[in-house]
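Between the sequences and the hints, there should be enough to build the whole structure, so can you do that?
Chains as they are written, first to last, in this note's numbering: chain A, 19 to 414; chain B, 19 to 414; chain C, 19 to 414.
Calculated from the structure, these hints are not laboratory results.
Please read these numbers as outputs of a predicted model, since none were measured by experiment.
Check the hints yourself; a few may be wrong.
All copies of an identical chain are treated as equivalent in the list; a pair is satisfied when it fits inside any one copy or across any two copies.
Derived pair list, reagent style DSSO-like, types lysine-lysine, alpha-carbon separation capped at 30 angstroms [stated by the list, open to error]: (1) LYS385 / LYS47; (2) LYS350 / LYS294; (3) LYS270 / LYS223; (4) LYS88 / LYS347.
This is what each chain is made of:
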Amino acid sequence: MACDKDCGKKCVGCLFDYETPVMLVISSKRVGAVFRLIQMLIIAYVIVYECWIQQNYQETDSVVSSVSTKVKGTAVTNTSVLGVHVWDVAEYIIPPQGENSFFVLTNMIVTPAQMQSRCPEVPGPTTVCLSDSDCRSGYSNVRGSGVQTGLCVNYSASVKTCEVLSWCPLENDTEIPEPALLEAAEDFTVLIKNSIHYPKFKFRKQNILPHINSTYLKNCTFNRKTDPECPIFRMGDMLEEAGEDFRNMAVKGGAMGILLDWTCDLDMKEQLCVPKYTFSRLDNKNSESDAAHGYNFRYAKYFKNSENTETRTLVKAYGIRFDVIVFGKAGKFSTVQAIIHIGATLSFLSLVNAVCDWFVLNFMEKKNYYKKHKFIHLDKMEDTDNSIGSTSYGTQ
Amino acid sequence: MACDKDCGKKCVGCLFDYETPVMLVISSKRVGAVFRLIQMLIIAYVIVYECWIQQNYQETDSVVSSVSTKVKGTAVTNTSVLGVHVWDVAEYIIPPQGENSFFVLTNMIVTPAQMQSRCPEVPGPTTVCLSDSDCRSGYSNVRGSGVQTGLCVNYSASVKTCEVLSWCPLENDTEIPEPALLEAAEDFTVLIKNSIHYPKFKFRKQNILPHINSTYLKNCTFNRKTDPECPIFRMGDMLEEAGEDFRNMAVKGGAMGILLDWTCDLDMKEQLCVPKYTFSRLDNKNSESDAAHGYNFRYAKYFKNSENTETRTLVKAYGIRFDVIVFGKAGKFSTVQAIIHIGATLSFLSLVNAVCDWFVLNFMEKKNYYKKHKFIHLDKMEDTDNSIGSTSYGTQ
Amino acid sequence: MACDKDCGKKCVGCLFDYETPVMLVISSKRVGAVFRLIQMLIIAYVIVYECWIQQNYQETDSVVSSVSTKVKGTAVTNTSVLGVHVWDVAEYIIPPQGENSFFVLTNMIVTPAQMQSRCPEVPGPTTVCLSDSDCRSGYSNVRGSGVQTGLCVNYSASVKTCEVLSWCPLENDTEIPEPALLEAAEDFTVLIKNSIHYPKFKFRKQNILPHINSTYLKNCTFNRKTDPECPIFRMGDMLEEAGEDFRNMAVKGGAMGILLDWTCDLDMKEQLCVPKYTFSRLDNKNSESDAAHGYNFRYAKYFKNSENTETRTLVKAYGIRFDVIVFGKAGKFSTVQAIIHIGATLSFLSLVNAVCDWFVLNFMEKKNYYKKHKFIHLDKMEDTDNSIGSTSYGTQ
Numbered sequence: 019m020a021c022d023k024d025c026g027k028k029c030v031g032c033l034f035d036y037e038t039p040v041m042l043v044i045s046s047k048r049v050g051a052v053f054r055l056i057q058m059l060i061i062a063y064v065i066v067y068e069c070w071i072q073q074n075y076q077e078t079d080s081v082v083s084s085v086s087t088k089v090k091g092t093a094v095t096n097t098s099v100l101g102v103h104v105w106d107v108a109e110y111i112i113p114p115q116g117e118n119s120f121f122v123l124t125n126m127i128v129t130p131a132q133m134q135s136r137c138p139e140v141p142g143p144t145t146v147c148l149s150d151s152d153c154r155s156g157y158s159n160v161r162g163s164g165v166q167t168g169l170c171v172n173y174s175a176s177v178k179t180c181e182v183l184s185w186c187p188l189e190n191d192t193e194i195p196e197p198a199l200l201e202a203a204e205d206f207t208v209l210i211k212n213s214i215h216y217p218k219f220k221f222r223k224q225n226i227l228p229h230i231n232s233t234y235l236k237n238c239t240f241n242r243k244t245d246p247e248c249p250i251f252r253m254g255d256m257l258e259e260a261g262e263d264f265r266n267m268a269v270k271g272g273a274m275g276i277l278l279d280w281t282c283d284l285d286m287k288e289q290l291c292v293p294k295y296t297f298s299r300l301d302n303k304n305s306e307s308d309a310a311h312g313y314n315f316r317y318a319k320y321f322k323n324s325e326n327t328e329t330r331t332l333v334k335a336y337g338i339r340f341d342v343i344v345f346g347k348a349g350k351f352s353t354v355q356a357i358i359h360i361g362a363t364l365s366f367l368s369l370v371n372a373v374c375d376w377f378v379l380n381f382m383e384k385k386n387y388y389k390k391h392k393f394i395h396l397d398k399m400e401d402t403d404n405s406i407g408s409t410s411y412g413t414q
Numbered sequence: 019m020a021c022d023k024d025c026g027k028k029c030v031g032c033l034f035d036y037e038t039p040v041m042l043v044i045s046s047k048r049v050g051a052v053f054r055l056i057q058m059l060i061i062a063y064v065i066v067y068e069c070w071i072q073q074n075y076q077e078t079d080s081v082v083s084s085v086s087t088k089v090k091g092t093a094v095t096n097t098s099v100l101g102v103h104v105w106d107v108a109e110y111i112i113p114p115q116g117e118n119s120f121f122v123l124t125n126m127i128v129t130p131a132q133m134q135s136r137c138p139e140v141p142g143p144t145t146v147c148l149s150d151s152d153c154r155s156g157y158s159n160v161r162g163s164g165v166q167t168g169l170c171v172n173y174s175a176s177v178k179t180c181e182v183l184s185w186c187p188l189e190n191d192t193e194i195p196e197p198a199l200l201e202a203a204e205d206f207t208v209l210i211k212n213s214i215h216y217p218k219f220k221f222r223k224q225n226i227l228p229h230i231n232s233t234y235l236k237n238c239t240f241n242r243k244t245d246p247e248c249p250i251f252r253m254g255d256m257l258e259e260a261g262e263d264f265r266n267m268a269v270k271g272g273a274m275g276i277l278l279d280w281t282c283d284l285d286m287k288e289q290l291c292v293p294k295y296t297f298s299r300l301d302n303k304n305s306e307s308d309a310a311h312g313y314n315f316r317y318a319k320y321f322k323n324s325e326n327t328e329t330r331t332l333v334k335a336y337g338i339r340f341d342v343i344v345f346g347k348a349g350k351f352s353t354v355q356a357i358i359h360i361g362a363t364l365s366f367l368s369l370v371n372a373v374c375d376w377f378v379l380n381f382m383e384k385k386n387y388y389k390k391h392k393f394i395h396l397d398k399m400e401d402t403d404n405s406i407g408s409t410s411y412g413t414q
Numbered sequence: 019m020a021c022d023k024d025c026g027k028k029c030v031g032c033l034f035d036y037e038t039p040v041m042l043v044i045s046s047k048r049v050g051a052v053f054r055l056i057q058m059l060i061i062a063y064v065i066v067y068e069c070w071i072q073q074n075y076q077e078t079d080s081v082v083s084s085v086s087t088k089v090k091g092t093a094v095t096n097t098s099v100l101g102v103h104v105w106d107v108a109e110y111i112i113p114p115q116g117e118n119s120f121f122v123l124t125n126m127i128v129t130p131a132q133m134q135s136r137c138p139e140v141p142g143p144t145t146v147c148l149s150d151s152d153c154r155s156g157y158s159n160v161r162g163s164g165v166q167t168g169l170c171v172n173y174s175a176s177v178k179t180c181e182v183l184s185w186c187p188l189e190n191d192t193e194i195p196e197p198a199l200l201e202a203a204e205d206f207t208v209l210i211k212n213s214i215h216y217p218k219f220k221f222r223k224q225n226i227l228p229h230i231n232s233t234y235l236k237n238c239t240f241n242r243k244t245d246p247e248c249p250i251f252r253m254g255d256m257l258e259e260a261g262e263d264f265r266n267m268a269v270k271g272g273a274m275g276i277l278l279d280w281t282c283d284l285d286m287k288e289q290l291c292v293p294k295y296t297f298s299r300l301d302n303k304n305s306e307s308d309a310a311h312g313y314n315f316r317y318a319k320y321f322k323n324s325e326n327t328e329t330r331t332l333v334k335a336y337g338i339r340f341d342v343i344v345f346g347k348a349g350k351f352s353t354v355q356a357i358i359h360i361g362a363t364l365s366f367l368s369l370v371n372a373v374c375d376w377f378v379l380n381f382m383e384k385k386n387y388y389k390k391h392k393f394i395h396l397d398k399m400e401d402t403d404n405s406i407g408s409t410s411y412g413t414q
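In structure tokens form, the structure reads like this:
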């Protein structure tokens, strides 16, 4: 750059020309103060925000995790349909695998001894009929219970509905048992096993901390104050922490989140890297539309009777689905990261001059004097170079 | 910096020395234009790209979501094996829980009354035999159906195969029913309930919008034009939107994705934050290898016959797996973010001078004149300082 | 800026004033060398780190994937409870759907013919009793097997325990079969079908590569050396690669991860974008507490006996859960990205001068001479401008 076209071989020397701007030094407390202040602010920002809060000097990795859950507890129900019945894990946990998402049965409508046959539809706007002409043989309403046979038969003494081919007798889910049949589920406990892995840092840990022995594990229950490290959670407690009422939620069901936060600063001691447990309701409880309220699904147990024809017990299961959600971000010092981030924010310093110049040249009473020395106006000396070149500093 | 070694106590004053570069002002339309132009470009870039498109002034959070699904519909099949059979949700949805991934049975091969016993293998390259010597007792081929007994027995009048200990009779899945048995599944509907949560912004919402009442919900079906907010989707419609043919896919099965995009700008009105529904096939339909084509699995229903021996009905289930995939990113104005990003991009402005200098000093006819004033060559005045120091501006 | 207050209309012209700093050119090999060196370092950093390693010139997208799995294999067990029994996929894979997470049964404790009735608790610290007074009618211990009837009955000749209402007889899981009953699972294979999608780049691919034909697929087994592209994995091989012993793990179960890494540089040929398979144990094998060791759950098969009362076969299933974890990040050249990143790092160059100045003005023997010319001290010429303005360079 600093080399004329006609300098030929000398150009190699240019490589070693070092250019540095000529600086005007203004010794003014006022300006200096502003200048230093802004510099301080930026350096403070770099230290406080970039380093301390954001820890941008670290490289991060996100968690890889494996969860397994095991629910414990039994409940007894006494219903007309089932009589006295004891419910254990194998029966009320669906699916049974104990993965990170499990459903706890809390309420149900049981329809036993269903068989493939014909029966009158449950009365409703689309199913009530007066004569066979109101029913279309072979038609199956997507919101109905089966395929219409075309007949209009008595549902009750007063009501006639279209006959359908289906699993009969049909389920009647008009009223939900209240209080919930398995309210006792409030006392059930779930053991959560969670192993996490930060691949980039070869860091492995599990929520069952090394110092927890099996005897403690057999008897403890999580409690934020007394047992914050016990990985066994009582259903009722979890809902309470989430601000929900178990007895209330048990009736129509819902979805709960068990959140494990594994955010760790691996520059610290490993012992400090422990999961934070939080609980929150995932579905929307105050839903305006009943149709969208609660959590339930239907499943069936299939049997064959003595005549070898298939029968089934249909269960409309209401309950609480628990999702174990593991998340987190680990950070560790990284030279590269540090250089990039610190450097990037230092380049802010270049902005300081802009601000100060603006201040100096517009708001100081000596501003014109400063301008005169800061700026060298070329346009004022078109004619000859040498003479004016020098006097420019004098006269302007 | 601007302070000599021997300035001793004066040095404190240095703190308030403000240094600002001496500038050469070139009043030339040509240069000025280039200069301003580049400045404009960068500022435009900051505004358009950084702010408008990327919205880098926002801090973002990613969605936490909870999904539950409920399928409705019934279908009737009439097969030699099962006779007339009505299929309802409890039977054709696997698993029944109604989580974010559910499988709809559309086609099947049923093998009833299987029992632990011995029977000839299904003929195949590895199973056909001529004499017992071709079969190894106790050997179980990983791709076979059971454990060989060592005998070679008649599969049919013409073919002999190794006898195996297994659930007999063995399933014969050589031909798949076509058209699919549960083609009626095309009319099934699924209600998708999705509650989302942006923790950082304490923002909660569900796909069933507040103004949707339950009566509407009972009768509506999603339609991009007429009912874009109805969360009830007809199977056939979803596949159609994804450009698939239901009747075709129903035969061998496949995997579909129901995507909910919750990307929201929370600086806007909350009402504007609604999910966008899209549908796409997840598996590869035009798979070159049959083995990898479609979607199917086997499950069994277990019974005990009058002699109290276990029998089962094996079902090879073909069908469509629907995965509800919720994603999204919410943004909200953040002062810190704004400062960082705007500042960072402003530091680009420092590059403008580099470009302009290069232009001015190489492509303007007055370039040598400009150079003369821009650069002060020290090397040309090694001998004495005082004199040359001043004249340097004059002579060079 | 370079325009005086009183320049009125001329100010428009100011728009075209171009300001460029006046530079001091120091032709010194020493300084020049340092200067160029630092420049080189930064440019090298940009090229090597930003471009080559980090590929920051690319815009990235993360993978959307769909996985389905199919396990093959049969095993035979001969136990007192079940007699000779052949296990096939429909029986040992739970759940059967073949999703991205599946459980392979390797060991079990079977309790057949359970019925709702009364039986003595399994002896334990909380269940052993001497008289009825030790048992509370209606009380159900969360870690117990049922609801106490209030009676204290003989469990064995020597031990008395509280009687409970439950599924009787109770399971006795004190000793686990060793070696595992389904050790043969070591030879089972799983076919993994994985279709991935990079939405931003409209890029689709599946792990079953185009050139793989179905005949190969029918017979191959994954092997890092001989068959690195075969998507069929032998259980034993996977555990071996993960450094685990199958026979050992089969007894108490565990969790395995099958990781598919789809990281791709889409600027390269598409053929180069293939999944990398790795296997690792997800749960913590050397767990200090037995309670947290292995992987097991209970499920039941329900029957109705001739008297139409419900009976069930309870299975405590030990086994290996395989999670197929698909991850990856695709990158493609993007002009915008390139500009941002290169530009951002170039702004580092502004830091070079700071460093060099510091070097020049403090460590060169001619430093005072340089300072004299670099800095123009205004404070030394308060009185008159013209005269001193020029001589200032000479005298100071």
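Each hint, compared with the structure:
Proximity of LYS385 to LYS47 under the C-alpha cut-off of 30 angstroms is found in both arrangements, the shortest distances being 15 angstroms within a copy and 26 angstroms between copies. In the homo-oligomer, the alpha carbons of LYS350 and LYS294 lie at most 30 angstroms apart both inside one protomer (20 angstroms) and across protomers (26 angstroms), since each shortest distance falls under that limit. Taking the shortest alpha-carbon separations for LYS270 and LYS223, only the inter-copy value of 20 angstroms comes in at or below 30 angstroms, while the best intra-copy value is 37 angstroms. Proximity of LYS88 and LYS347 under a CA criterion of 30 angstroms is satisfied intra-copy only: 26 angstroms inside one chain copy versus 34 angstroms between copies.
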